[in-house]
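J.: Residue numbers (my numbering), protein chains in the order written: chain L, 1 to 408; chain P, 409 to 804.
Because the hints were derived from the structure by calculation, they are not lab data.
The model shown is predicted, which means the values in this text are computed figures rather than measured ones.
Errors might be hidden in some of the hints.
Claimed, not checked - Derived lysine-lysine pairs resembling DSSO-like cross-links, with alpha carbons at most 30 angstroms apart:
# : chain 1 : residue 1 : chain 2 : residue 2
1 : L       : K383      : L       : K174
2 : L       : K364      : L       : K302
3 : L       : K169      : L       : K302
4 : L       : K302      : P       : K804
5 : L       : K383      : P       : K804
6 : P       : K629      : P       : K695
7 : P       : K581      : P       : K631
8 : P       : K804      : L       : K240
9 : L       : K174      : L       : K240
Said to hold, decoys possible - If we take Cβ atoms under 7 angstroms as the criterion, some of the chain L residues that face chain P in the derived model are:
#  : residue
10 : F194
11 : A339
12 : L393
Unchecked claim - Only part of the chain P face toward chain L is listed, based on derived beta-carbon distances under 8 angstroms:
#  : residue
13 : I457
14 : A465
15 : S468
16 : E723
We put the CB at the ideal spot given by N, CA and C, even for glycine.
Below, each chain spelled out in residue letters.
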Amino acid sequence: MKTFQISDCRLQISNCLRSSAGILRFAFCILIFAFSPLAFGQSFFNSRGLGEVTPAGDARIAALGEPSALSTLNPGIFVNLNQTSFSVTALGAATLGTQDGNSRLLRDIRPATFNVATPLPFQTRLFAGINQKFGQDFDVWSESLADTAYRRHIIGRGGIYALRAGLAKSLFDKVSIGAEYSHVMGGSRENWRFEIEQGGYTSTDTVEIDYAGNTLKFGASLQTRLFSLAGYYEPSLGLKVQRYKHVHGVVGDTTRTYHISLPQSLSFAGSINPTRRLGFDLGLTLNPWSGATITRNDSVSKLGFLNVWRGSIGAEYDIDSLHPVRVGYSQQTWYYNAAYSPQFIPTPITENGIHFGTSVPIPKFGSLDISGEVLFRNSPFLKETAGRLMFTLAYSEAWAKRTRRWGY
Amino acid sequence: MKTFQISDFRLQIAPSRAILHFAFCILTFAFLGCNTLPVGYDQLRDRVIGASGDTLAPDSAAGYARYVPLGGSSMLYLGHDTSYQSRIVVRFSIPDTMILDSITSFQLVLHQSDTLARMGFVCRPCSLEWAENGVSWQMSDSSNHWINLGGDFLSDTVAAGTMTGDSITIDFKYVGLDSTRRAAIRSSGIGIFPQDTGIVAIYSGAAAATAPRLRITYTNKGKETKRVISDIADASLIDTIATHANPLDLLVGSGVAFRTWLWFNIDSIPAEATIARADLRFRPEMKYHRADTIVLGVHRLTDSFPGKGANARFEEAPIGSASYYVPADSDTVVTIDIRSLVQLWTSRSDTLRNYGLLIEAAPEWSPLFRLRIPRTGPYAPRLEVQYVLPPEDRFK
């Protein structure tokens with residue numbers, strides 16, 4: 001009997017060790033995955049246009065397929081807000097690009113968003129936040145040819161960010177309308193390095209771009225126990241763009257100024273909760289950006305962007321009162337085309353995504369929302385499989401379980 | 409009991425499986441993250457301006473010869489043949505307080521580099537002071553000429569011998585000389601003159617173990633004592649006898665320095681270009697060599713050569729160099745990478761003017777050689793340049 005007890009005990013230890021080892025393995029892989037400094041970047045397509053439209057930056061919304069009208073990007077989402085709240089999101093992303101049988105992995109880990117909202121008298125809410133609108137991180141190498149003495153290594157870093165502040169008004173505890181002012185700013189820095197045969201870099205040409213602009217956004221939502229409807233409208237976005245080109249750091253620094261005008265954006269979403277433990281949502285974002293223009297020396301020309309939409313569907317199920325699980329699916333076409341040489345044929349970039357996530361309540365604080373996304377981006381010549389891991393730490397003044405409602 | 413064994417076994421294999429899993433993760437991420445495959449480069453192609461290349465012939469070229477100071481080198485050359493003659497000057501720090509009566513022997517020790525060579529020589533006191541960093545066949549230091557080309561020496565022979573094997577020790581007649589001659593040796597050293605045809609290399613004072621030295625044996629309180637005095641300065645004095653060269657020949661050589669100046673017009677390369685490759689290429693014709701490995705260096709001129717000629721200054725440090733092997737690779741084209749120089753000329757043309765470049769032996773005291781660079785024809789110098797222009801804007 002004693003032997004049995006010992007063996008049982010050892011089996012338990014063994015199982016425990018195996019599970020610990022599994023956790024360790026997982027954690028180790030995540031660490032390698034996230035912090036390895038071998039390469040950074042987010043998408044091989046980010047070298048074009050204004051870059052990738054960055055997700056809302058809320059792990060809870062991301063896990064449902066990112067219906068952005070149900071996120072804090074919608075200024076009219078704040079129906080229920082009884083106490084000051086804030087959330088901060090960290091994003092880890094990895095992108096595996098495949099082209100002509102070659103594969104390369106890019107990684108990125110960074111803070112994604114910060115949002116804060118506080119209730120004011122007369123059912124009004126004051127909110128603010130910062131989030132990235134477009135990401136321009138990439139890292140690519142040119143091919144090495146026998147008849148050239150160099151290779152290019154181009155590293156792009158940066159993006160366009162929105163500093164947001166707005167006011168919302170809640171009506172009848174079920175409706176909210178809001179307006180938001182955003183100061184859009186940011187920049188990118190592209191280092192075009194030339195690596196020579198013998199190793200090392202001969203020189204670096206740097207293209208720096210600064211963006212600045214202002215925009216407004218209007219939103220509204222209707223939230224009941226059974227269903228919710230939400231939407232926002234962003235009339236347009238005008239960006240003043242200043243480009244600096246540094247050649248070898250010493251020669252011919254040249255500056256150019258452009259004005260980019262991006263047409264309106266619309267986003268709608270709806271959700272339905274057939275039971276207290278189950279909910280479904282749908283999201284649709286329209287970016288009719290074919291009319292996007294660039295003005296340079298009073299000469300206006302089209303940027304060649306596309307009219308695109310993004311659709312999503314998601315579901316949330318509460319396993320018990322503290323443990324929700326979320327799944328989602330999304331589909332979109334990017335607002336600019338991919339290119340392929342030597343003919344430079346523009347080809348669309350389509351993206352399909354699978355989303356999932358959960359929340360972990362943190363007593364006396366709030367919750368930690370976790371989401372994972374696997375995105376499949378396709379152009380005829382370059383394909384990407386991207387994985388995104390998002391953590392949102394949401395704080396409320398007093399701890400309470402986050403019920404299935406939108407905003408806070 | 410069986411359960412116990414199984415659990416024990418599982419306990420044992422768990423860590424090794426974990427290690428394997430770790431290794432797999434690391435290898436996978438390292439492979440995918442480390443590689444530099446051109447994934448996604450096509451997305452930038454419409455911003456890339458294609459590479460351009462050019463092969464330039466020199467717009468101007470000239471050659472000149474000059475006696476250069478050869479002091480401080482690792483080898484000293486002694487001898488003469490149909491092309492060159494070379495003698496050596498050496499100076500020792502001999503104390504003037506030395507009690508000559510106690511000296512029983514006073515010897516000169518020299519070490520030879522080529523142990524198979526044989527060379528007779530004589531030593532004579534030098535009558536004019538010289539400086540190691542400025543002495544040459546023509547000059548005693550950087551500003552004064554010798555009275556006679558090749559150095560000024562007294563006629564007395566103070567030592568004579570034949571260099572064979574790796575070293576020679578010969579008697580040096582210092583003690584028997586009058587005070588004037590002893591003073592001349594102390595202040596100006598001695599000259600070593602070849603007596604046979606051929607050229608041998610002797611180790612200089614650069615290496616202490618093989619430096620020319622004086623070995624003095626004297627009696628101190630009844631005991632025989634030895635003292636060694638190494639040289640404090642030495643140099644080869646080299647002259648050409650017959651180069652059999654045309655005045656317009658472009659020569660490069662050591663000993664007596666032959667230098668070739670080339671000027672390429674690179675105005676066609678845009679200032680904002682990144683020079684990916686700039687190779688100076690030519691196939692020389694070997695005229696004389698005493699070593700099979702020849703090193704050529706390229707220097708940037710800082711003065712106008714048409715204006716100052718052979719006195720045009722140039723940067724001391726070579727901008728590029730290349731080894732040339734003879735005779736095994738005599739067909740080999742010399743290729744010298746001057747990418748950084750061309751990049752400077754194009755991108756900093758306002759401060760670093762293109763006065764051309766100078767090809768010379770690296771260093772000029774290296775074993776004697778002389779080669780000719782063809783002015784025309786397929787083997788004449790060519791500058792092969794490949795450059796790329798900065799990228800286009802992100803928005804067009």
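J.: All hints are to be evaluated individually against the structure, with a verdict given for each.
T.: Against the structure, the hints:
Pair hint K383 of chain L plus K174 of chain L does not hold up; C-alpha atoms about 44 angstroms apart against a cutoff of 30 angstroms. For the hint pairing K364 of chain L with K302 of chain L, the CA-to-CA distance comes to about 53 angstroms; that exceeds 30 angstroms, so the pair is violated. As the CA atoms of K169 of chain L and K302 of chain L are separated by approximately 38 angstroms, the hinted pair breaks the 30 angstroms bound. Distance check on the hinted pair: K302 of chain L and K804 of chain P sit about 9 angstroms apart at the alpha-carbon level, within 30 angstroms; holds.
For a cut-off of 30 angstroms, the pair hint linking K383 of chain L to K804 of chain P stands: about 25 angstroms separates their Cα positions. Restraint check: the Cα-Cα separation between K629 of chain P and K695 of chain P comes to about 60 angstroms, which exceeds 30 angstroms; the hinted pair is violated. Taking the CA atoms of K581 of chain P and K631 of chain P, the gap is about 23 angstroms. The hint holds against a cut of 30 angstroms. Between K804 of chain P and K240 of chain L the alpha-carbon distance is near 15 angstroms, which keeps this suggested pair within the 30 angstroms criterion.
Of the pairs offered as hints, the one joining K174 of chain L and K240 of chain L is violated, with about 39 angstroms between alpha carbons and a cut-off of 30 angstroms exceeded. For the restraint placing F194 of chain L at the interface with chain P, the shortest Cβ-Cβ distance is roughly 5 angstroms, inside the 7 angstroms limit, so the hint holds. At a threshold of 7 angstroms, the smallest CB-CB gap from A339 of chain L to chain P is about 5 angstroms, leaving the interface hint in force. Annotation: L393 of chain L was flagged as interfacial toward chain P, and the flag is violated, the nearest CB pair being 27 angstroms apart, outside 7 angstroms.
Nearest Cβ of chain L to the Cβ of I457 of chain P: about 11 angstroms, over the 8 angstroms cut. The hint is violated. With a cut of 8 angstroms, the hint placing A465 of chain P at the interface with chain L is violated, because the nearest CB-to-CB distance is about 21 angstroms. Annotation: interface hint on S468 of chain P violated; nearest CB of chain L at approximately 26 angstroms, more than 8 angstroms. Violation of the interface hint for E723 of chain P is found here, the shortest Cβ-Cβ separation to chain L being roughly 19 angstroms, above the 8 angstroms cut-off.
Checked against the numbered hints given earlier, the structure breaks hints 1, 2, 3, 6, 9, 12, 13, 14, 15, 16 and satisfies all the rest.
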